[in-house]
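So the chains spell out like this:
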Amino acid sequence: MKKPKFKVDKHILTPKHAKLGEREKAQLLEKYHVSSKELPKIMKTDSAIKELGAAIGDVIKITRKSPTAGESVFYRVVTDV
Amino acid sequence: MSDLISEYEGKLPGIMLTEIRENLPKGASDSKIRKILESAYNEYKHARVSPGESVGLVSAESIGEPGTQMTLNTFHFAGVAEMNVTLGLPRIIEILDGRKELENPMMEIYLKKPYAAGKRVEELRQLALQIKETTLKDIAAEFVISIADFTIEVRLNKEKMKEIEVTSGKVVDAISKQLKGYNLRDNKDSIILKARGKEDSFNESYKTKEKIKGITIKGIKGIKQVLPVKREEEFVIITAGSNLSEVLQLEEVDSYRTTTNNIFEIEQVLGIEAARQSIVNEIFKVIESQGLNVDVRHIMLVADTMCVGGTVKGITRYGVVSEKSSVLARASFETPIKHIINAALVGEVDNLDSVVENVMINQPIPIGTGLPSLGVKPQKQAKEK
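In order, the protein sequence lines correspond to chains G and B.
Per this note's numbering, the first sequence starts with residue 1, numbered consecutively.
Per this note's numbering, the second sequence starts with residue 1001, numbered consecutively.
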């Protein structure tokens, strides 16, 4: 069977994932007065961030389509447990 | 005008800004627009949830009350046997518990343009055949174990095979791929299996016979039924049984719209964010189909709670509740004695940070006006003395 390349981030259920730079990450943590451990988590093996090449401790910015706000931004920190 | 509106980006949600932009009267002056935006912003500030509001409790009530009115039935798909849909309360419980085995797993397979139009009926039929799982049991007329030499003979049902377009050669291929240690002989209308090397016992043969019944000959494992349905000028294949990762590999399938109702499969294939979205969609679908009305925000809160840890966790004592830091809070949910004994064994400390434990010991709860507390800077005091 021929296997066409399937891109996870193009699926209607998957919102846009992007990796934050070091500076943006520091700004984010400063803004919400949190440490990166207190952010919601995402697995390092998560199929949506495989192509971003994220390492443990990186913060992923997720731009969701929301029925109530149009677009809403969510952050998750990469972990392996 | 547009820069005036874009000034409010970040202050107001995007959906409100587009609404304002669309509904502004033509030729409105800048000062008027500013007035509109300012009053919209004030309204928005008032509408926001205030700090310390118990949103979880409000969500629980808002979902729980309509839940009492939901049906307890499983419905049948019109016209087709063996196609059931779990709806109402059982389905909600199934989603919230984060169950891995669903009562009725289902897929909605969207097709790429030439197939979706439905003009090529023959191709659509072919595709349906390609997706539906056929096991050896379905095409076999009889399984016979010879007691003399412990061989298994599978007599094939030629009519059935013609229907799904497989030959005995293909069947032999499929069996040899999924069953090791057996020699196969193809007799066209029957297949004979003999154990390689050592002699089989009757018990062994019987076990093998049961095992080969489930071998997939054609189609995708787990898909029990296929049903092409017309939905708004487009043909969609609905299946009973689900196997997302395999179906997405098919060439004819529009892999970017195809979904399943199995949230764990979505988490595995598409990631945690897609799983969260799917939880929201699935719960909302059930509530809507029952003619009830629950704000999506409540459902989104539940879905977020289930997904914060990076994996989908059910709202059970093994999932979300086990993550609570307070012993008393965990004990108040289910199996209290187990939790208290374990906490005593390891010397756990309860800081009484949350609601339930404070209710238990009759203290003000940290919610609303109970949330703020006085802070003292002891260093300064020492200096003055």
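What the hints contain is simulated information worked out from the structure, not anything from laboratory work.
Take the hints with a grain of salt, since some may be wrong.
[To be verified] With beta-carbon atoms standing in for the labels, derived distance ranges:
#: 1; chain 1: B; residue 1: 1211; chain 2: G; residue 2: 71; range: 46 to 54 angstroms
#: 2; chain 1: G; residue 1: 53; chain 2: B; residue 2: 1187; range: 50 to 58 angstroms
#: 3; chain 1: B; residue 1: 1125; chain 2: G; residue 2: 40; range: 25 to 33 angstroms
#: 4; chain 1: B; residue 1: 1378; chain 2: G; residue 2: 27; range: 44 to 52 angstroms
#: 5; chain 1: B; residue 1: 1114; chain 2: G; residue 2: 31; range: 24 to 32 angstroms
#: 6; chain 1: G; residue 1: 22; chain 2: B; residue 2: 1367; range: 49 to 57 angstroms
#: 7; chain 1: B; residue 1: 1234; chain 2: G; residue 2: 40; range: 47 to 55 angstroms
#: 8; chain 1: B; residue 1: 1338; chain 2: G; residue 2: 27; range: 42 to 50 angstroms
[What the hints assert, rightly or not] No farther apart than 27 angstroms at their CA atoms in a straight line, the calculated lysine-lysine pairs in the DSSO-like style are these:
#: 9; chain 1: B; residue 1: 1324; chain 2: G; residue 2: 16
#: 10; chain 1: B; residue 1: 1045; chain 2: G; residue 2: 10
#: 11; chain 1: B; residue 1: 1112; chain 2: G; residue 2: 44
#: 12; chain 1: G; residue 1: 41; chain 2: B; residue 2: 1324
#: 13; chain 1: B; residue 1: 1112; chain 2: B; residue 2: 1224
#: 14; chain 1: G; residue 1: 10; chain 2: B; residue 2: 1324
#: 15; chain 1: B; residue 1: 1045; chain 2: G; residue 2: 65
#: 16; chain 1: B; residue 1: 1324; chain 2: G; residue 2: 37
#: 17; chain 1: B; residue 1: 1113; chain 2: G; residue 2: 65
#: 18; chain 1: B; residue 1: 1180; chain 2: B; residue 2: 1160
#: 19; chain 1: G; residue 1: 31; chain 2: B; residue 2: 1377
#: 20; chain 1: G; residue 1: 37; chain 2: B; residue 2: 1313
#: 21; chain 1: G; residue 1: 7; chain 2: B; residue 2: 1221
[Claimed, not checked] Sample of chain B residues with no beta-carbon within 12 angstroms of chain G, all distances over it, derived:
#: 22; residue: 1004
#: 23; residue: 1063
#: 24; residue: 1071
#: 25; residue: 1121
#: 26; residue: 1148
#: 27; residue: 1178
#: 28; residue: 1195
#: 29; residue: 1233
#: 30; residue: 1249
#: 31; residue: 1257
#: 32; residue: 1273
#: 33; residue: 1275
#: 34; residue: 1296
#: 35; residue: 1308
#: 36; residue: 1310
Every residue gets a Cβ at the ideal spot worked out from N, C-alpha and C, and that includes glycine.
Okay, the hints, checked on the actual structure:
1. Separation of residue 1211(B) from residue 71(G) is about 52 angstroms and conforms to the stated range, judged on CB atoms against 46 to 54 angstroms.
2. Here the CB-CB span from residue 53(G) to residue 1187(B) is close to 55 angstroms, well matched to the stated 50 to 58 angstroms.
3. At roughly 46 angstroms, the beta carbons of residue 1125(B) and residue 40(G) sit outside the given window of 25 to 33 angstroms.
4. Taking 44 to 52 angstroms as the suggested C-beta distance range, the pair residue 1378(B) and residue 27(G) does not conform, at roughly 32 angstroms.
5. About 50 angstroms separates the C-beta atoms of residue 1114(B) and residue 31(G), a value inconsistent with the hinted range of 24 to 32 angstroms.
6. Range check, residue 22(G) to residue 1367(B): about 37 angstroms between beta-carbon atoms, so the 49 to 57 angstroms window is missed.
7. Between residue 1234(B) and residue 40(G) the CB atoms are about 36 angstroms apart, so this pair departs from the stated range of 47 to 55 angstroms.
8. In this structure the hint that residue 1338(B) and residue 27(G) lie 42 to 50 angstroms apart at CB holds, the actual value being about 44 angstroms.
9. Between residue 1324(B) and residue 16(G) the alpha-carbon distance is near 30 angstroms, which puts this suggested pair outside the 27 angstroms criterion.
10. Note on residue 1045(B) and residue 10(G): the hinted pairing is violated, with a Cα-Cα distance of about 35 angstroms set against a maximum of 27 angstroms.
11. At most 27 angstroms may separate the alpha-carbon atoms for a hinted pair to count; residue 1112(B) and residue 44(G) exceed this at roughly 32 angstroms.
12. The hinted pair formed by residue 41(G) and residue 1324(B) meets the criterion: a straight-line CA distance of about 16 angstroms does not exceed 27 angstroms.
13. Taken as a hint, the residue 1112(B) and residue 1224(B) pair is honoured in the structure, with Cα atoms around 22 angstroms apart against an allowance of 27 angstroms.
14. Between the alpha carbons of residue 10(G) and residue 1324(B) the distance comes to roughly 35 angstroms, so the proposed pair goes past 27 angstroms and is violated.
15. For a cut-off of 27 angstroms, the pair hint linking residue 1045(B) to residue 65(G) stands: about 22 angstroms separates their Cα positions.
16. Taking the CA atoms of residue 1324(B) and residue 37(G), the gap is about 16 angstroms. The hint holds against a cut of 27 angstroms.
17. For a cut-off of 27 angstroms, the pair hint linking residue 1113(B) to residue 65(G) stands: about 25 angstroms separates their Cα positions.
18. Distance check on the hinted pair: residue 1180(B) and residue 1160(B) sit about 26 angstroms apart at the alpha-carbon level, within 27 angstroms; holds.
19. In summary, the hint linking residue 31(G) to residue 1377(B) is supported, as the alpha carbons are separated by about 24 angstroms, within the 27 angstroms threshold.
20. With a C-alpha separation of about 19 angstroms, the suggested pairing of residue 37(G) with residue 1313(B) holds against the 27 angstroms cut-off.
21. For the given pair, residue 7(G) sits about 23 angstroms from residue 1221(B) by alpha-carbon distance, which is consistent with the 27 angstroms threshold.
22. Remark: the non-interface label on residue 1004(B) is consistent with the geometry, its nearest Cβ contact in chain G lying 19 angstroms away (cut-off 12 angstroms).
23. Every Cβ of chain G is farther than 12 angstroms from the Cβ of residue 1063(B); the closest lies at roughly 16 angstroms, confirming the non-interface assignment.
24. No beta-carbon of chain G is positioned within 12 angstroms of the beta-carbon of residue 1071(B); the least distance is around 25 angstroms.
25. No Cβ of chain G approaches the Cβ of residue 1121(B) within 12 angstroms, the least distance being about 23 angstroms, so the stated non-interface status holds.
26. No beta-carbon of chain G is positioned within 12 angstroms of the beta-carbon of residue 1148(B); the least distance is around 41 angstroms.
27. The Cβ of residue 1178(B) lies farther than 12 angstroms from every Cβ of chain G, with a closest approach of about 16 angstroms, so its non-interface assignment holds.
28. At the 12 angstroms boundary, the C-beta of residue 1195(B) stays outside the reach of chain G, the nearest C-beta of that chain being 31 angstroms off.
29. No Cβ of chain G comes within 12 angstroms of the Cβ of residue 1233(B); the nearest lies about 18 angstroms off, and the non-interface call holds.
30. For residue 1249(B), the requirement that its beta carbon stay farther than 12 angstroms from each beta carbon of chain G is not met, with the minimum near 5 angstroms.
31. Not every beta carbon of chain G lies more than 12 angstroms from that of residue 1257(B), the smallest distance being close to 6 angstroms; the non-interface claim is violated.
32. Not every C-beta of chain G lies more than 12 angstroms from that of residue 1273(B), the closest at about 5 angstroms, which undercuts listing it as non-interface.
33. Non-interface status of residue 1275(B) relative to chain G is broken: a Cβ of that chain comes within 12 angstroms, the nearest being about 8 angstroms off.
34. Chain G draws residue 1296(B) into its interface by the beta-carbon criterion, the shortest separation being 5 angstroms against a cut-off of 12 angstroms.
35. Against the 12 angstroms criterion, residue 1308(B) falls within the reach of chain G, whose nearest CB is about 4 angstroms from its own CB.
36. For residue 1310(B), the requirement that its beta carbon stay farther than 12 angstroms from each beta carbon of chain G is not met, with the minimum near 4 angstroms.
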